[in-house]
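Colleague: Listed here are the chains, written in short residue letters.
There are 2 protein chains.
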Amino acid sequence: MDEFASIHHWTGARQSAEWQQRRGVVLGIGDDTAIVDVGLAEEGVAAPKRMLLAVDTMVETVHFNDATMREEDIGYKALAANVSDIAAMGGVPLHALVSVSVPRAWGPERMRRLYDGLYACAERYGVAVIGGDTTSSPEHLVIAVTVTGTVEAALALRRSSAMPGDAVFVTGAVGMAAAGLHALLAQRVDGAAEAAHPIIVQAHRRPAPSVRAGRLLAAHGLGCHALNDVSDGLASEAWEIAEASGVRVVLHETELPRSGSMAAYASETGMDPLEWMLYGGEDYALLGTIDKTSVIAALELFRKEGIPFFLIGEIEAGDAAVELVRARAAGVSHSGKQEKRVQLAKRGYNHFKR
Amino acid sequence: MDEFASIHHWTGARQSAEWQQRRGVVLGIGDDTAIVDVGLAEEGVAAPKRMLLAVDTMVETVHFNDATMREEDIGYKALAANVSDIAAMGGVPLHALVSVSVPRAWGPERMRRLYDGLYACAERYGVAVIGGDTTSSPEHLVIAVTVTGTVEAALALRRSSAMPGDAVFVTGAVGMAAAGLHALLAQRVDGAAEAAHPIIVQAHRRPAPSVRAGRLLAAHGLGCHALNDVSDGLASEAWEIAEASGVRVVLHETELPRSGSMAAYASETGMDPLEWMLYGGEDYALLGTIDKTSVIAALELFRKEGIPFFLIGEIEAGDAAVELVRARAAGVSHSGKQEKRVQLAKRGYNHFKR
Chain C
1 MDEFASIHHW
11 TGARQSAEWQ
21 QRRGVVLGIG
31 DDTAIVDVGL
41 AEEGVAAPKR
51 MLLAVDTMVE
61 TVHFNDATMR
71 EEDIGYKALA
81 ANVSDIAAMG
91 GVPLHALVSV
101 SVPRAWGPER
111 MRRLYDGLYA
121 CAERYGVAVI
131 GGDTTSSPEH
141 LVIAVTVTGT
151 VEAALALRRS
161 SAMPGDAVFV
171 TGAVGMAAAG
181 LHALLAQRVD
191 GAAEAAHPII
201 VQAHRRPAPS
211 VRAGRLLAAH
221 GLGCHALNDV
231 SDGLASEAWE
241 IAEASGVRVV
251 LHETELPRSG
261 SMAAYASETG
271 MDPLEWMLYG
281 GEDYALLGTI
291 DKTSVIAALE
301 LFRKEGIPFF
311 LIGEIEAGDA
321 AVELVRARAA
331 GVSHSGKQEK
341 RVQLAKRGYN
351 HFKR
Chain Y
1 MDEFASIHHW
11 TGARQSAEWQ
21 QRRGVVLGIG
31 DDTAIVDVGL
41 AEEGVAAPKR
51 MLLAVDTMVE
61 TVHFNDATMR
71 EEDIGYKALA
81 ANVSDIAAMG
91 GVPLHALVSV
101 SVPRAWGPER
111 MRRLYDGLYA
121 CAERYGVAVI
131 GGDTTSSPEH
141 LVIAVTVTGT
151 VEAALALRRS
161 SAMPGDAVFV
171 TGAVGMAAAG
181 LHALLAQRVD
191 GAAEAAHPII
201 VQAHRRPAPS
211 VRAGRLLAAH
221 GLGCHALNDV
231 SDGLASEAWE
241 IAEASGVRVV
251 LHETELPRSG
261 SMAAYASETG
271 MDPLEWMLYG
281 GEDYALLGTI
291 DKTSVIAALE
301 LFRKEGIPFF
311 LIGEIEAGDA
321 AVELVRARAA
331 GVSHSGKQEK
341 RVQLAKRGYN
351 HFKR
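Just so you know, the sequences run in chain order C and Y.
Heads up: the first sequence is residues 1 to 354, going by full-length UniProt numbering.
Heads up: the second sequence is residues 1 to 354, going by full-length UniProt numbering.
If you are wondering where the hints come from, they were derived from the structure by calculation, not from laboratory data.
Keep in mind the model is a prediction, meaning the values are calculated, not measured.
Heads up, the beta-carbon is just placed ideally off N, CA and C, and yes, glycines get one too.
Do not take every clue at face value.
[Stated by the list, open to error] Not the full set, but computed from the structure, chain C residues with beta-carbon under 10 Å of chain Y:
no., residue
1, Arg14
2, Val129
3, Asp133
4, Thr134
5, Gln343
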């Protein structure tokens with residue numbers, strides 16, 4: 001069972017929508033964050049904002065080890081992954097609670113460095129650390145961070161709102177973090193990967209959540225329909241939008257934004273960059289769909305703000321699926337044009353198990 | 001370093017009070033829950049309620065193992081521990097997010113049973129499960145649950161508000177969960193402890209957070225000053241109130257509420273029940289202080305509602321300390337009365353490491 005099937009098996013149909021609604025739940029399990037209306041406003045007054053809540057966990061040997069991440073990076077990334085979920089709803093991150101389970105091998109000074117990184121990320125994104133729980137752990141460090149955020153009541157960007165005819169965009173290059181992880185796992189000497197490939201290694205260790213991009217996309221009238229962060233890889237996130245919205249997502253290989261550092265590293269090592277771009281996760285750019293009539297306005301707005309914005313495909317009516325139009329025409333399609341479409345696998349990003 | 005010293009070393013003085021206030025933080029790290037004012041009300045309108053947030057973690061081999069807890073109990077208790085933190089602020093629990101790190105040995109059916117227990121607790125306390133994160137784990141199950149709740153803005157019950165002259169109370173018997181854990185660890189055959197000592201075993205496996213008691217205590221005019229749940233043991237929680245409030249907490253051995261099942265089990269096994277009552281944790285009764293003039297009203301209100309309420313001591317001015325007036329006079333005190341006061345150790349509850 002994959003993660004989604006498991007979660008459905010464990011949590012599906014346990015609490016009715018009505019029961020949850022009476023407790024202020026606007027959106028429960030299944031998107032980047034939950035949305036709640038906690039009734040903090042005066043009785044009878046509609047709250048102008050809603051609260052976002054998400055949790056994300058990193059486990060030693062599953063998500064990181066001594067070779068791939070320094071203590072500071074672990075703390076930074078544990079919070080950044082959560083901030084990215086808030087960004088993917090178009091929200092503003094506010095607070096964090098930190099649960100750490102600490103093995104004996106992690107003395108106070110290593111933990112101190114982990115918190116150095118976590119607080120650096122908190123400062124960068126304006127997140128107040130307001131609580132936590134510390135337990136011991138028999139062997140491996142586990143860190144679970146919960147974040148809150150707020151978003152204007154009308155503006156939360158769900159993954160289920162893509163419409164046929166929409167353009168598909170992404171707000172940054174993809175595959176860099178996966179290439180960085182590859183370089184870190186391949187290095188024979190500590191620090192060698194960072195020295196030789198600083199940009200992709202940084203992309204893996206210190207991802208940059210797209211909060212500003214999310215806020216632009218949530219702005220009234222921009223016509224953004226669906227939004228996800230690329231934490232589990234482009235193909236996997238596109239599948240989530242396709243299935244949640246009941247549409248076909250078509251991506252164009254030639255339009256996918258690729259970083260020079262990633263391409264150079266792929267060529268140097270003989271690896272396939274497309275694999276990283278489609279199935280490598282943790283890039284934390286935003287993947288979304290936008291009304292065709294809003295594309296020009298969005299391009300101009302993002303250029304003005306200095307934030308990348310790449311058009312990479314479109315939404316078609318049809319059964320939920322994700323298709324890639326290949327770069328090199330290997331045949332003639334039924335429409336007579338020289339293109340080849342392949343369906344992308346639904347598989348996500350499995351860190352060390354690939 | 002103990003947990004509090006570690007947390008202070010890692011998180012102390014990282015973010016200024018002003019910086020956190022600008023992000024809606026009313027109370028940060030250091031109490032049962034954080035309190036936030038997330039500005040969901042209309043601009044310029046004071047929100048009548050505030051939000052509470054807490055996280056609690058359980059780790060296999062540290063907090064439970066196959067001999068002590070069934071899968072359903074683990075799920076139940078993981079949520080109950082958090083609900084108890086909301087109760088200790090006088091709040092109403094609302095939502096939960098669940099992070100689980102799952103080792104291979106935990107197949108889908110064991111996890112399903114864990115969630116059966118978690119949702120049973122959620123239904124019991126009206127908590128909507130709104131999100132989570134599932135990761136794999138190399139060896140041990142780790143479950144971290146975050147809860148939200150709300151409380152009227154003026155009423156949150158902090159542990160720093162005890163006043164000299166206050167009476168000290170507890171809302172249930174103490175030491176039962178620790179006795180139950182002892183019975184479970186001593187059993188030679190699975191199920192033997194439960195058959196022989198069902199009440200104390202149930203107290204360990206399915207603690208009952210005191211949400212109703214917390215709501216009564218938070219009610220206007222009842223005069224409750226400080227409040228904690230007894231999750232880390234009576235002595236440890238009394239020390240937290242003493243240090244946070246800058247007062248001396250005096251407890252009377254003869255007034256401590258003891259359950260018949262716990263006392264019988266202690267006598268049967270030759271164990272000291274006072275050790276469990278003072279240093280055994282996870283009872284989830286509430287320990288608090290109340291204005292002396294409100295004691296009669298509180299006693300009547302709790303009796304009417306059918307909730308236990310035991311007066312067990314008083315608050316004195318002086319350096320932060322917790323003292324126990326022993327039952328048997330072993331000497332004559334300076335005041336000439338036959339009593340002996342001993343200072344209680346600050347140590348908390350360490351599950352399997354005692």
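Colleague: Work down the list of hints and note, for each, if the structure agrees.
Modeller: Hint check:
1. Arg14: holds, 5 Å
2. Val129: Holds, because the Cβ-Cβ distance from valine 129 of chain C to chain Y comes to roughly 6 Å (cut-off 10 Å).
3. Asp133: With a closest approach of 5 Å, the aspartate 133 of chain C hint holds.
4. Thr134: The hint holds - threonine 134 of chain C has a Cβ within 10 Å of chain Y, the shortest such distance being about 5 Å.
5. Gln343: With a closest approach of 26 Å, the glutamine 343 of chain C hint is violated.
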